[in-house]
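K.L.:
Listed below are the residues making up each chain.
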Amino acid sequence: MEKSEVEADDGALIAAFVRGDERAFEQLYGRYKRQLYGFLNNLIVDNPAEVDEVFEETWLRVLEKLPRYRDEGRFSAWLFRIGRNIFIDRIRKNRNAAAAMELDAEEAPQVAGPMSMEPDQELELGEVGDVIAQAVERLPVEQREVFLLRQQDLAFKEIAEIQGCSINTVLGRMQYAMKSLRRLILEIDRGGIVT
Amino acid sequence: MKNRFENLRVHDVPEALDRRIMAAAAHKAKAVRFRRSLTHCVFTAAASAAALLIAGTVFLFPEAYHGELARPTKSVDSELLALADWSTLEQESYNLSFELYSGRQALAELSSVRMQEEY
Numbered sequence: 025m026e027k028s029e030v031e032a033d034d035g036a037l038i039a040a041f042v043r044g045d046e047r048a049f050e051q052l053y054g055r056y057k058r059q060l061y062g063f064l065n066n067l068i069v070d071n072p073a074e075v076d077e078v079f080e081e082t083w084l085r086v087l088e089k090l091p092r093y094r095d096e097g098r099f100s101a102w103l104f105r106i107g108r109n110i111f112i113d114r115i116r117k118n119r120n121a122a123a124a125m126e127l128d129a130e131e132a133p134q135v136a137g138p139m140s141m142e143p144d145q146e147l148e149l150g151e152v153g154d155v156i157a158q159a160v161e162r163l164p165v166e167q168r169e170v171f172l173l174r175q176q177d178l179a180f181k182e183i184a185e186i187q188g189c190s191i192n193t194v195l196g197r198m199q200y201a202m203k204s205l206r207r208l209i210l211e212i213d214r215g216g217i218v219t
Numbered sequence: 422m423k424n425r426f427e428n429l430r431v432h433d434v435p436e437a438l439d440r441r442i443m444a445a446a447a448h449k450a451k452a453v454r455f456r457r458s459l460t461h462c463v464f465t466a467a468a469s470a471a472a473l474l475i476a477g478t479v480f481l482f483p484e485a486y487h488g489e490l491a492r493p494t495k496s497v498d499s500e501l502l503a504l505a506d507w508s509t510l511e512q513e514s515y516n517l518s519f520e521l522y523s524g525r526q527a528l529a530e531l532s533s534v535r536m537q538e539e540y
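Chains as they are written, first to last, in my numbering: chain A, 25 to 219; chain B, 422 to 540.
Please keep in mind that the hints were generated in silico from the structure rather than gathered at the bench.
The reader is advised that the hints may include incorrect statements.
[Claimed, not checked] Partial selection, computed: residues in chain A whose CB lies under 8 Å from chain B: (1) LYS57; (2) TYR93; (3) GLN175; (4) PHE180; (5) GLU185.
All figures in this text were calculated on a predicted structure; none of them were measured in a lab.
Using N, Cα and C, we set each Cβ at its ideal position, and we do this for glycine too.
Using the sequences and the accompanying hints, generate a full structural model.
P.N.:
Listed below in structure tokens is the structure:
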């Protein structure tokens, strides 16, 4: 199905739900739930309970806001924006836990803070995919966001809207993320951890 | 073991989460349907009330009616009066008839008496 067809279909499902058809929501939910859960699972590192809470809160917020949804771009971009904002709000509320996490992506590429690093954990070597996933976990939050949202086929323009910054900033973060990932992957492969 | 890289894009959602979210959606959809039904009933009732009000205004209030209801004319009034007096006239007529009859009867009786006397 072409992207524009998907968007038109999403619009029809939303309109049906706003009229009271819960099966329309079920279809919409089924279409995006795994993507959102995957995104949050990789964004919120080593905290499955938090992932579940943010995931549930995101969909509850979607249910509340759907009657006012006005086809402003793709539904998936809107959905990820809500999920991301809920996550950021939670971080701000838990400043102590967030202090270890890097929120300023304009600095030189850094590895994510103690929350995602467990020096005594034996790293799993082998498949490239696993190594990349581990490296992604160690990215600063905003670089990680950009990288993960690109995995969801969101355009840089959409990511800029989600993060509330310019497209140049997003491109910069993606560039830093890719640089960091290359370095981290080499480090992980060699068996070391960058601090 | 599942490739963790695949989980960068998609990840299976626990069933308990699915159930809770779908329950919330069902509750919301039910509330929407109830609100729509209520709005529909309110509009229907308002439309019916408006229609009744218009109909009532047209038929119950004479001022709203362009034509005038028929009112008795003076000649009709006098005719009606005449009808009211007619019972008296009729009575008098009956009385006269009775008296006339009685007179004839009396005359007839007298005649018969006279005839008897002549005999």
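K.L.:
Would the hint on A/LYS57 be counted as holding, given a Cβ-Cβ threshold of 8 Å to chain B?
P.N.:
holds (5 Å)
K.L.:
Any CB of chain B closer than 8 Å to the CB of A/TYR93?
P.N.:
violated (13 Å)
K.L.:
Measuring from the C-beta of A/GLU185 to each C-beta in chain B, is the shortest one below 8 Å?
P.N.:
violated (21 Å)
K.L.:
Should the interface hint for A/PHE180 be scored as holding, given a Cβ-Cβ cut-off of 8 Å against chain B?
P.N.:
Not OK, violated: A/PHE180 not within 8 Å of chain B, min 17 Å.
K.L.:
Can the hint on A/GLN175 be confirmed by a CB-to-CB distance to chain B that is less than 8 Å?
P.N.:
It holds, given that the least Cβ distance between A/GLN175 and chain B is near 5 Å, below 8 Å.
Checked against the numbered hints given earlier, this structure breaks hints 2, 4 and 5; the rest are met.
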